[in-house]
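So the protein lines, in turn, are chains A and B. For the first sequence, numbering that gives the first Met the number 0 assigns the number 0 to the initial residue and increments by one for each residue that follows. For the second sequence, numbering that gives the first Met the number 0 assigns the number 0 to the initial residue and increments by one for each residue that follows.
Just so you know, these hints were derived from the structure itself, not from any lab. Be careful, since some hints might not be right.
[As the list claims (entries may be wrong)] Pair ranges (Cβ atoms, derived): (1) A/S63 with B/Q284: 44 to 52 Å; (2) B/G303 with A/R253: 31 to 39 Å; (3) B/G95 with A/R280: 46 to 54 Å; (4) A/N139 with B/A102: 32 to 40 Å; (5) B/D89 with A/R272: 47 to 55 Å; (6) A/E233 with B/H106: 18 to 26 Å; (7) B/E38 with A/E21: 27 to 35 Å; (8) A/S63 with B/Q110: 53 to 61 Å; (9) A/G69 with B/D89: 39 to 47 Å.
A virtual CB, placed ideally from N, CA and C, is assigned to each residue, including glycine.
2 protein chains.
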Amino acid sequence: MRQAGRYLAEYRAVRAKHSILEICHTPELAAEVTLQPVEHLGVDAAILFADILLPVEPLGLGLSFSEGAGPLIERPIRAPEDVAALPDVDPPRDLGFVVEAVAACKHALAQRAPGTPLIGFAGAPFTLASYVIEGGSSRNFTLTKRFMYQHPEAWHELLRRLADLVGGLLGAQARAGADVVQLFDSWVGCLAPEDYRRFVLPHSRRAIELAQAAGVPVIHFGTDTATLLELLVEAGGEVMGVDWRIPIDQAWARTGDRAVQGNLDPAALFAPRPELETRVRDILQRVGGRPGFIFNLGHGILPGTPVDNVRAVVDLVHAFA
Amino acid sequence: MRQAGRYLAEYRAVRAKHSILEICHTPELAAEVTLQPVEHLGVDAAILFADILLPVEPLGLGLSFSEGAGPLIERPIRAPEDVAALPDVDPPRDLGFVVEAVAACKHALAQRAPGTPLIGFAGAPFTLASYVIEGGSSRNFTLTKRFMYQHPEAWHELLRRLADLVGGLLGAQARAGADVVQLFDSWVGCLAPEDYRRFVLPHSRRAIELAQAAGVPVIHFGTDTATLLELLVEAGGEVMGVDWRIPIDQAWARTGDRAVQGNLDPAALFAPRPELETRVRDILQRVGGRPGFIFNLGHGILPGTPVDNVRAVVDLVHAFA
């Protein structure tokens, strides 16, 4: 959640001239905005400027980003035939621009912030499936679940392909220099645990194993996963992401030997400073210095977030450590 | 979740001629659509046709319902002054049309489905606050949380007023003949447990106590509440609503002596019949005949739900009992 975004004036300046996809497709621009949070906020790691949906771009479904409505898929997948018709994709080749962006970021970091690790990422199979089926964001994921229930074979085929795609892309990021990669299952919390186990877990595991085969640790991130934590651990990843709906010590007690990442509510960054600081301290105290904790937000930083508050949190965490 | 809606052809026929607010404001129409699920689906209880947002209508903020975008508030609450400027409301007087709708439903039920209980309902203070602050539905509830953190006194004043309003309306529904009332906290699951305890719990408790003072049991409903269950119990209610994110037996083990309601994923109604039946049976088997379980969906029925599948679930539950 250290990615550059509209909350940063420096990012808005770049976005005034370039679309999100242009930035992603231009390694120098991607590197420039990737370094912004490191240089302007003092965070400990850079996160590649990219979008969780980039892996689906070479599928040719018409991915675009609209101001306000978020990602849109022009030709969504609605029937088993649509899955069968998907083209074969070779991630390092067909998503070469992401690989180049990683290399450009590594180069820029070596010059301007030596020693700062780079985190790569991509959307998880379920979250990607939800976008390509719904055609965009969704509240209830009705079309996604309907497809999953009505066409289980085509569903598993779709998720297998997405897992290979995402795992391949994460592996390629790692081979290009990413020190860690993150599998982003933003919307998986809409599922009942048994549905996750049956329809999603094997595919997330496959994507994670493909990334790990490239020799990097994997952060397995989701939101609204309080009842899925043990299953997310089963799917894999060295670090488990945790949102704010569950106190971090309770979550960590359930993820066993995995490291954990989280769990400040991004909305807390709008709180008055003393209230914000109390919340940050509460998380740090619950963790109690146990090694393997990565302080982070529980989900993406919100538009309009006061940058001074972000800096204050970074400083407070550093002072506490 | 037995309320009439667009999934029913009989309801669509009424809606072709009348808006949602017209139906709510016309007791005979409200009674007509309230009886539709009882007569056409065979459910065991009628749920008043109403909207969770009706209690805020007399606040004069400009409530309307748009096709597609859902409820809209023309003049949202954005500052402490907006709370101070809210008019005094007397629920039985200013929401007399809801009270009359309850009476009309009771009358119609006595004639056409004698012995069928009537469930009244209204939105809970937090969920109503989220609508009047955001101006409509929301994904992240940023404005709501920002108001809560930045203006805690005005927040508590707003929720106190909403609690009196909702509690007063639920009490009036009970006095007009509703056999049970339901407090609908649809979006409360966006909160961290400590935020719920501090900013919401006392107000939900107040609303529930006002309803109980009218002599009826209260169903306390929310979604995405797996980490809030104990706190919802603390706030009150004889029956706790549970969504599909947590297996019903695990949820019930945590709500102690309360009855529970739930927990089928509304999306499961799109599954092929054998798959749907497996899911219904799984819930009933987990409950194992323990008294105090109300079979229900975990949230509202989705547009486009096949009515035959709804009937099949009703029949299956009846056959199992």
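Results for each hint:
| no. | hint | result |
| --- | --- | --- |
| 1 | A/S63 with B/Q284: 44 to 52 Å | 46 Å, holds |
| 2 | B/G303 with A/R253: 31 to 39 Å | 37 Å, holds |
| 3 | B/G95 with A/R280: 46 to 54 Å | 50 Å, holds |
| 4 | A/N139 with B/A102: 32 to 40 Å | 34 Å, holds |
| 5 | B/D89 with A/R272: 47 to 55 Å | 41 Å, violated |
| 6 | A/E233 with B/H106: 18 to 26 Å | 55 Å, violated |
| 7 | B/E38 with A/E21: 27 to 35 Å | 58 Å, violated |
| 8 | A/S63 with B/Q110: 53 to 61 Å | 56 Å, holds |
| 9 | A/G69 with B/D89: 39 to 47 Å | 43 Å, holds |
Checked against the numbered hints above, the structure violates hints 5, 6, 7; every other hint is satisfied.
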